[in-house]
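Those protein sequences? They're chains A and B, same order as listed. Residue 73 in the numbering used here sits at position 73 of the first sequence, and the numbers go up by one each step. Residue 165 in the numbering used here sits at position 165 of the second sequence, and the numbers go up by one each step.
Derived from the structure by calculation, the hints contain no laboratory data. Take the hints with a grain of salt, since some may be wrong.
[Said to hold, decoys possible] Computed list of lysine-lysine pairs in BS3-like fashion (alpha-carbon distance at most 30 Å, straight line):
{"#": "1", "chain 1": "B", "residue 1": "K47", "chain 2": "A", "residue 2": "K19"}
{"#": "2", "chain 1": "B", "residue 1": "K47", "chain 2": "A", "residue 2": "K18"}
{"#": "3", "chain 1": "A", "residue 1": "K289", "chain 2": "A", "residue 2": "K188"}
{"#": "4", "chain 1": "A", "residue 1": "K143", "chain 2": "B", "residue 2": "K47"}
{"#": "5", "chain 1": "A", "residue 1": "K103", "chain 2": "A", "residue 2": "K18"}
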Amino acid sequence: MAQTALNPKVSLPVSDWKKWLGVFPFFLFAILFLVLPSLRLVIGSFTNNEGQFTFANLLQLFQEKSILDAYWLSIRISAATAIGGGIFGFLLAYSVTVGGLPKPLRSALITFSGVASNFAGVPLAFAFIATLGRTGFVTALIKNLFGVNLYQQTDFDLYSFWGLSLTYMYFQFPLMVLIMAPALDGLKQEWREAAENLGASTTQYWLRVAFPVLLPSILGSMILLFGNAFGAYATAYALTGGRLGIITIQIGAQIRGDVLHNPGLGYAMAMGMVVVMAISLMGYSWLQKRSERWLR
Amino acid sequence: MSLLARIRRIPFWSWIWFILGALYFLLPLYATVNFSLRMERDVIGFKAYIRAFEDPEFLETFLYSNILALLTIIASIILIVPTAYWIRLRLPEARRIVEFITLLPFVVPAIILVFGLIRIYSSPIKIPFTDIRLLQPLTTFEVGTDILIVAGYVVLGLPYMYRSVDTGMRTVDVRTLTEAAQSLGASWFTIITRVILPNIRAALLSGALLTFAIVVGEVTLASFLGVPAFGPYLFLLGQHRAYEPAALSFASFLMTWLAMGLIQLFTGGQGQAAGTH
Chain A
1 MAQTALNPKV
11 SLPVSDWKKW
21 LGVFPFFLFA
31 ILFLVLPSLR
41 LVIGSFTNNE
51 GQFTFANLLQ
61 LFQEKSILDA
71 YWLSIRISAA
81 TAIGGGIFGF
91 LLAYSVTVGG
101 LPKPLRSALI
111 TFSGVASNFA
121 GVPLAFAFIA
131 TLGRTGFVTA
141 LIKNLFGVNL
151 YQQTDFDLYS
161 FWGLSLTYMY
171 FQFPLMVLIM
181 APALDGLKQE
191 WREAAENLGA
201 STTQYWLRVA
211 FPVLLPSILG
221 SMILLFGNAF
231 GAYATAYALT
241 GGRLGIITIQ
251 IGAQIRGDVL
261 HNPGLGYAMA
271 MGMVVVMAIS
281 LMGYSWLQKR
291 SERWLR
Chain B
1 MSLLARIRRI
11 PFWSWIWFIL
21 GALYFLLPLY
31 ATVNFSLRME
41 RDVIGFKAYI
51 RAFEDPEFLE
61 TFLYSNILAL
71 LTIIASIILI
81 VPTAYWIRLR
91 LPEARRIVEF
101 ITLLPFVVPA
111 IILVFGLIRI
121 YSSPIKIPFT
131 DIRLLQPLTT
141 FEVGTDILIV
151 AGYVVLGLPY
161 MYRSVDTGMR
171 TVDVRTLTEA
181 AQSLGASWFT
191 IITRVILPNI
201 RAALLSGALL
211 TFAIVVGEVT
221 LASFLGVPAF
231 GPYLFLLGQH
241 RAYEPAALSF
251 ASFLMTWLAM
261 GLIQLFTGGQ
271 GQAAGTH
């Protein structure tokens with residue numbers, strides 16, 4: 001501020017409301033295309049078919065079995081891929097940062113993770129059909145190597161819980177790598193040396209020093225992965241053609257035509273999703289703040 | 001060093017994780033390429049690619065999606081650069097609320113956004129609290145739908161674009177540049193277009209490429225708003241063809257790779273993640 005005082009032209013007092021005019025277009029845009037549409041769903045979920053205020057839609061949300069099942073399936077898939085992707089992504093990030101692998105492998109992994117975490121939707125679904133579908137490459141490979149037909153001799157089905165989870169993993173664990181690699185870089189060499197000087201073994205160092213420091217960051221990232229999978233629609237739709245009833249697919253059906261025969265219930269379903277996403281984002285940012293205490 | 005000690009120095013588990021990761025990355029790609037090359041019986045060839053690229057509908061939808069991406073990028077820049085600039089220069093008190101808004105798309109996923117957009121803009125636009133119609137419903141005419149979808153894409157890209165631009169502005173001294181330009185008599189428009197934009201071009205480019213990666217293959221908004229974009233086309237093609245979609249999927253992967261590779265090149269830093277899954 002002291003700098004500007006030197007130049008009277010810039011520090012010219014502008015009345016408060018005029019200053020806010022500069023961000024008016026941004027706010028107008030946000031209101032028109034983000035706030036209003038969201039608000040419409042919120043209002044809709046508190047409105048009955050006659051246009052009156054009601055809590056009935058929200059209450060019904062917890063009674064309709066098909067909707068509860070859809071939420072539950074979405075939550076299970078998101079949790080499975082967040083935990084699985086989180087652990088695997090962490091191990092990968094570990095292997096290229098402090099794990100002692102050659103440097104070039106690190107940049108290769110980071111680049112590939114950037115691509116894979118952005119590679120989703122229809123092409124990803126098709127890639128997995130070519131890999132693990134009935135005539136997929138890996139399906140055939142397993143049949144030739146081990147004599148096991150995945151689709152006849154096991155319960156495996158690409159168009160089911162595990163199939164969709166495996167597909168989501170393709171963009172989940174790379175995201176974890178992208179977040180965890182910088183965090184692992186933040187582990188200071190001095191901590192390790194200090195621990196070793198005090199007689200700690202490698203295991204002790206990891207369990208008592210490194211892991212506790214990294215934990216908020218790991219949990220936070222897993223929550224982010226959870227939200228990432230929870231909001232996903234295109235990949236699941238392209239893979240299963242809408243047969244696997246996760247919550248986003250149910251909402252999609254509700255947009256196409258009022259399948260619940262109650263628009264208000266549809267809005268409530270959408271709002272429930274937003275609430276889950278909001279809770280996970282808050283959890284993420286809280287953990288992120290905690291992790292910044294040690295890692296910068 | 002004895003052989004045993006040397007073997008012990010090899011980070012065995014690190015290699016295991018890395019190889020597993022590499023397999024997870026590469027197997028689906030290999031399977032897709034392998035499949036896409038086998039359109040003709042017992043021949044390895046590019047027939048599926050030729051067929052796919054020759055389809056006039058492919059060209060139309062792909063071109064359309066690229067135009068949408070370009071419009072989205074232009075609209076985002078026009079919207080975000082002056083805002084981020086103004087916040088840095090004059091209105092730091094708006095930072096928190098603007099950053100909050102740019103995070104909202106994480107809470108409102110594409111499927112919810114399109115739900116809300118359709119419900120709001122499928123009725124005519126009136127002046128609030130009156131019955132005076134300004135415009136017919138946006139979803140009922142082509143330009144209206146295009147406006148709606150570009151706006152939706154700007155929202156989806158908002159977190160990434162804003163962060164890119166804001167990071168870019170952090171590295172240049174916005175205030176000094178502005179003062180220098182003003183003392184030479186430059187207008188606000190000139191300052192933004194001729195001074196600020198060129199100084200943050202690397203950040204803009206990375207935000208733009210990320211937006212591009214989001215928009216070109218996007219399915220959710222495009223299919224619910226019913227626009228002839230590449231994402232829905234690829235989805236429909238997959239319903240009744242086998243080899244061409246595989247070919248186009250691999251091509252999309254290469255495109256994503258190109259976009260991300262360019263971002264790495266320009267920012268020289270960590271990879272970025274966005275996406276409409």
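Quick rundown of the hints versus the structure:
{"no.": "1", "hint": "B:K47 <-> A:K19", "in the structure": "violated, 60 Å"}
{"no.": "2", "hint": "B:K47 <-> A:K18", "in the structure": "violated, 62 Å"}
{"no.": "3", "hint": "A:K289 <-> A:K188", "in the structure": "holds, 19 Å"}
{"no.": "4", "hint": "A:K143 <-> B:K47", "in the structure": "holds, 28 Å"}
{"no.": "5", "hint": "A:K103 <-> A:K18", "in the structure": "violated, 52 Å"}
Comparing the model with each numbered hint stated earlier shows that hints 1, 2, 5 do not hold.
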